[in-house]
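The primary structure of each chain is shown beneath.
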Amino acid sequence: MPDLITHVALSHLIRRPFDMKKADQPAAPLRYMFYLGAILPDILTRPWYILFPATHDWTVLFHTPFGMILTCALISLLLEPTLRKRVFINLLAGSFGHFVLDALQKKITGNDYWLFPVSWKSVGYGLAHADQFMDLIPVWLALVAGLEGCLILWARSKNRDNGALQ
Amino acid sequence: MDKRSVALILLILSILTAATYTAYHHPWIKTSDCLKAPEAHDGRLVTRYEEPVVGHIYADGFQLLQKNEPAIRVYSDTTGLRSGEYISLTATFQKEGYLRAVSFRIARNRRYKIWLSVLPVVLVGLGLLHYYRIRWTPFQIELRKHA
Chain W
1 MPDLITHVAL
11 SHLIRRPFDM
21 KKADQPAAPL
31 RYMFYLGAIL
41 PDILTRPWYI
51 LFPATHDWTV
61 LFHTPFGMIL
71 TCALISLLLE
81 PTLRKRVFIN
91 LLAGSFGHFV
101 LDALQKKITG
111 NDYWLFPVSW
121 KSVGYGLAHA
131 DQFMDLIPVW
141 LALVAGLEGC
151 LILWARSKNR
161 DNGALQ
Chain Y
1 MDKRSVALIL
11 LILSILTAAT
21 YTAYHHPWIK
31 TSDCLKAPEA
41 HDGRLVTRYE
51 EPVVGHIYAD
61 GFQLLQKNEP
71 AIRVYSDTTG
81 LRSGEYISLT
91 ATFQKEGYLR
101 AVSFRIARNR
111 RYKIWLSVLP
121 VVLVGLGLLH
131 YYRIRWTPFQ
141 IELRKHA
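Chains W and Y supply the protein sequences, listed in that same order. Per our numbering, the first sequence starts with residue 1, numbered consecutively. Per our numbering, the second sequence starts with residue 1, numbered consecutively.
Calculated directly from the structure, the hints in this document are not laboratory data. C-beta atoms are modelled at their ideal positions from N, C-alpha and C, and glycine is treated no differently. Keep in mind that the hints are not guaranteed to be accurate.
As the list claims (entries may be wrong) - Okay, derived cross-link-like pairs now, DMTMM-like style, lysine to aspartate or glutamate, Cα gap no bigger than 20 Å in a straight line:
| # | chain 1 | residue 1 | chain 2 | residue 2 |
| --- | --- | --- | --- | --- |
| 1 | Y | K95 | Y | E39 |
| 2 | Y | K3 | W | E80 |
| 3 | Y | K67 | Y | E50 |
| 4 | W | K106 | Y | D42 |
| 5 | Y | K36 | W | D57 |
| 6 | W | K107 | Y | E39 |
| 7 | W | K107 | Y | D42 |
| 8 | Y | K36 | Y | E50 |
| 9 | W | K107 | Y | D2 |
| 10 | Y | K30 | Y | E69 |
| 11 | Y | K95 | Y | E142 |
| 12 | W | K106 | W | D131 |
| 13 | Y | K30 | W | D131 |
| 14 | Y | K67 | W | D135 |
| 15 | W | K106 | W | E80 |
| 16 | Y | K36 | Y | E69 |
| 17 | W | K85 | Y | D2 |
| 18 | W | K158 | W | E148 |
| 19 | W | K85 | Y | E142 |
| 20 | W | K107 | Y | E50 |
| 21 | W | K106 | Y | E51 |
| 22 | Y | K67 | Y | E51 |
| 23 | Y | K145 | W | D131 |
| 24 | W | K158 | W | D19 |
To be verified - Label pairs and their computed distance ranges (CB to CB):
| # | chain 1 | residue 1 | chain 2 | residue 2 | range |
| --- | --- | --- | --- | --- | --- |
| 25 | Y | T137 | W | V123 | 41 to 47 Å |
| 26 | W | A145 | Y | E96 | 52 to 58 Å |
| 27 | W | P47 | Y | H130 | 31 to 37 Å |
| 28 | W | T55 | Y | P70 | 17 to 23 Å |
| 29 | Y | E39 | W | P17 | 55 to 61 Å |
| 30 | W | N159 | Y | Q140 | 33 to 39 Å |
| 31 | Y | S83 | W | D135 | 48 to 54 Å |
| 32 | Y | A59 | W | G110 | 29 to 35 Å |
| 33 | W | N159 | Y | L13 | 47 to 53 Å |
| 34 | Y | L143 | W | T55 | 31 to 37 Å |
| 35 | W | A28 | Y | W136 | 23 to 29 Å |
| 36 | Y | W136 | W | T82 | 28 to 34 Å |
Produce the entire structure from the sequences given, and follow the hints as far as they go.
Here you go:
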């Protein structure tokens, strides 16, 4: 799996532009649910089996789309009713983004069980090794900074236009 | 009992059932399984290791160290290997009690990657705490007023 900085940075690059469309709704809280979805498959598995390797066979479920559908549904049910549907969509989209990114990683041993529980076939289509993703962290961070810069400029020009109209 | 409680119980039961299934019906074998019944596992592909690290390096291979698993000799090319490094390995078990590597790669900077991954977890956690709060009765996570 790529590191979690890569996961969150790429999730931000994908999710952030969607907030510009719906200016009437609070965007950041749901965006954080998307980020949570993006790290959820790893934080529910890796810490446990790094510290206690025997837990791997029990927690591997959370690193599958099927396991994430159940987990995201469980988490979203803990929220207030008006948020549940949107939180579920954001969590699930974030976690599926995680699986797509993981599938880009070259692996010696399989870990992309997209078809579980139907099959244990690992369906990765590796392009780069985990350490090669890590070498690109400065690039992801620069892209995030660039995107945020563009959004600030866009918001300023929009405000200026609105002011000129009034 | 309300609908939400029923749904929560069903989801928890589903997760527990699926986790039990993965624990007992997975396709991978570990080196300890092989060493317990060497004849039965002769030639089987081993892909699952518990935090595998390269131990002593020999001219024709290396010793594989794992957490909670016995050390085992691996016959392989030793180019690029360094003692103490994490390794990704696929190997076939031989009934004599050793592994023959099929493919491997040193997991460069794995420790660094683990520590680096703590940072986004903390940042996302702080963001969630900033925007959401827990109401205990009835138990529910809700948006803070300022969000």
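Verification of the supplied hints:
1. Y:K95 x Y:E39: Answer holds: Y:K95 to Y:E39 is near 5 Å, not above 20 Å.
2. Y:K3 x W:E80: Measuring from Cα to Cα gives roughly 14 Å; hence the hint holds.
3. Y:K67 x Y:E50: The hint holds at about 6 Å.
4. W:K106 x Y:D42: Given that 20 Å is the threshold and the Cα spacing comes to 27 Å, the pair is violated.
5. Y:K36 x W:D57: Judged against 20 Å, a Cα distance of about 19 Å means the pair holds.
6. W:K107 x Y:E39: violated, 29 Å
7. W:K107 x Y:D42: violated, 24 Å
8. Y:K36 x Y:E50: Distance ~17 Å between Y:K36 and Y:E50 Cα, so the pair holds.
9. W:K107 x Y:D2: Roughly 45 Å between the alpha carbons, so the hint for W:K107 and Y:D2 is violated.
10. Y:K30 x Y:E69: With Cα atoms ~9 Å apart, Y:K30 and Y:E69 stay inside 20 Å; holds.
11. Y:K95 x Y:E142: It is violated: about 58 Å lies between the C-alpha atoms, which goes past 20 Å.
12. W:K106 x W:D131: holds, 10 Å
13. Y:K30 x W:D131: violated, 25 Å
14. Y:K67 x W:D135: Since the Cα atoms of Y:K67 and W:D135 sit roughly 28 Å apart, the hinted pair is violated (cutoff 20 Å).
15. W:K106 x W:E80: Answer violated: W:K106 to W:E80 is near 40 Å, above 20 Å.
16. Y:K36 x Y:E69: Distance ~12 Å between Y:K36 and Y:E69 Cα, so the pair holds.
17. W:K85 x Y:D2: OK: W:K85 and Y:D2 at ~18 Å, within 20 Å.
18. W:K158 x W:E148: holds, 15 Å
19. W:K85 x Y:E142: Holds. W:K85 to Y:E142 sits at ~13 Å (cutoff 20 Å).
20. W:K107 x Y:E50: holds, 16 Å
21. W:K106 x Y:E51: holds, 18 Å
22. Y:K67 x Y:E51: Roughly 6 Å between the alpha carbons, so the hint for Y:K67 and Y:E51 holds.
23. Y:K145 x W:D131: Violated: Y:K145 and W:D131 sit about 42 Å apart, past 20 Å.
24. W:K158 x W:D19: holds, 15 Å
25. Y:T137 x W:V123: 41 to 47 Å: holds, 45 Å
26. W:A145 x Y:E96: 52 to 58 Å: holds, 56 Å
27. W:P47 x Y:H130: 31 to 37 Å: violated, 23 Å
28. W:T55 x Y:P70: 17 to 23 Å: holds, 19 Å
29. Y:E39 x W:P17: 55 to 61 Å: holds, 59 Å
30. W:N159 x Y:Q140: 33 to 39 Å: With a Cβ separation near 36 Å, W:N159 and Y:Q140 satisfy 33 to 39 Å, so the hint holds.
31. Y:S83 x W:D135: 48 to 54 Å: Given a distance of about 24 Å, which is not inside 48 to 54 Å, the answer is violated.
32. Y:A59 x W:G110: 29 to 35 Å: holds, 31 Å
33. W:N159 x Y:L13: 47 to 53 Å: Because 52 Å falls inside the window, the suggested range holds.
34. Y:L143 x W:T55: 31 to 37 Å: 34 Å Cβ-Cβ, so the 31 to 37 Å window holds.
35. W:A28 x Y:W136: 23 to 29 Å: 24 Å Cβ-Cβ, so the 23 to 29 Å window holds.
36. Y:W136 x W:T82: 28 to 34 Å: Cβ of Y:W136 to Cβ of W:T82: about 19 Å, so the range 28 to 34 Å is violated.
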